[in-house]
Amino acid sequence: MGDNSTPEEREGAPDEHESRKSARLPGVVLPIAGLVVLLAGCLVAWLNRNTYIGWFAYAPLSNQPFSGTGMAFLSPGTQAGLAIAVVGLLLLAFCAGYRTGRKAAPKTPGQF
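Residues in the sequence shown are numbered consecutively from 4, following the numbering used here.
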């Protein structure tokens, strides 16, 4: 009960510093999780980057061979890695937007 409380009364009460620390923890965990997911997706895409694809096209009326320069085929592993990386980027974008919105939010209810 305020400054005049005995040490026994203060032991059961939560410390103000601990409550701020625990409230800040989820704000740190989500961006770190997004970064980990992003790095995992990049790693999966990097490890599956070499895929050999045999392809044959027949174009009877062109009289010229088809040259596929500039084309890129992505293996299913690379596609999965890039999809995981996009999920990580979306998570990081959500965290950034949430933090920006919380900073811009009015401090008192009903204030615009």
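Think of the hints as simulated: they come from the structure by calculation, not from any bench. Predicted model, so just to flag it, every value in this text is computed and none were measured. Careful, some of the hints might be misleading.
Stated by the list, open to error - Result set (SDA-like, lysine to any residue): computed pairs, CA atoms no more than 20 Å apart in a straight line:
#: 1; residue 1: Lys-106; residue 2: Ala-96
#: 2; residue 1: Lys-110; residue 2: Gly-30
#: 3; residue 1: Lys-106; residue 2: Asn-51
#: 4; residue 1: Lys-106; residue 2: Leu-42
#: 5; residue 1: Lys-106; residue 2: Val-31
#: 6; residue 1: Lys-110; residue 2: Gly-100
#: 7; residue 1: Lys-106; residue 2: Leu-94
#: 8; residue 1: Lys-106; residue 2: Val-39
#: 9; residue 1: Lys-106; residue 2: Leu-95
#: 10; residue 1: Lys-106; residue 2: Leu-33
Comparing the hints with the structure gives:
Simply put, Lys-106 and Ala-96 have alpha-carbon atoms about 15 Å apart, close enough for the 20 Å limit, and the pair holds. This hinted pair checks out: Lys-110 and Gly-30 have alpha carbons roughly 19 Å apart, not beyond 20 Å. Of the supplied pair hints, the one linking Lys-106 and Asn-51 is violated, its CA atoms being roughly 41 Å apart against a limit of 20 Å. This hinted pair does not check out: Lys-106 and Leu-42 have alpha carbons roughly 28 Å apart, beyond 20 Å.
Note on Lys-106 and Val-31: the hinted pairing holds, with a Cα-Cα distance of about 16 Å set against a maximum of 20 Å. For the suggested pair Lys-110 and Gly-100, the alpha carbons sit about 18 Å apart, so the restraint of at most 20 Å is met. Taking the CA atoms of Lys-106 and Leu-94, the gap is about 19 Å. The hint holds against a cut of 20 Å. Distance hint between Lys-106 and Val-39 is unfulfilled; the C-alpha atoms sit about 25 Å from each other, more than 20 Å.
For the hint pairing Lys-106 with Leu-95, the CA-to-CA distance comes to about 17 Å; that is within 20 Å, so the pair holds. For the hint linking Lys-106 to Leu-33, the alpha-carbon distance of about 17 Å falls within 20 Å, and the restraint holds.
Checked against the numbered hints listed earlier, the structure breaks hints 3, 4, 8; every other hint is satisfied.
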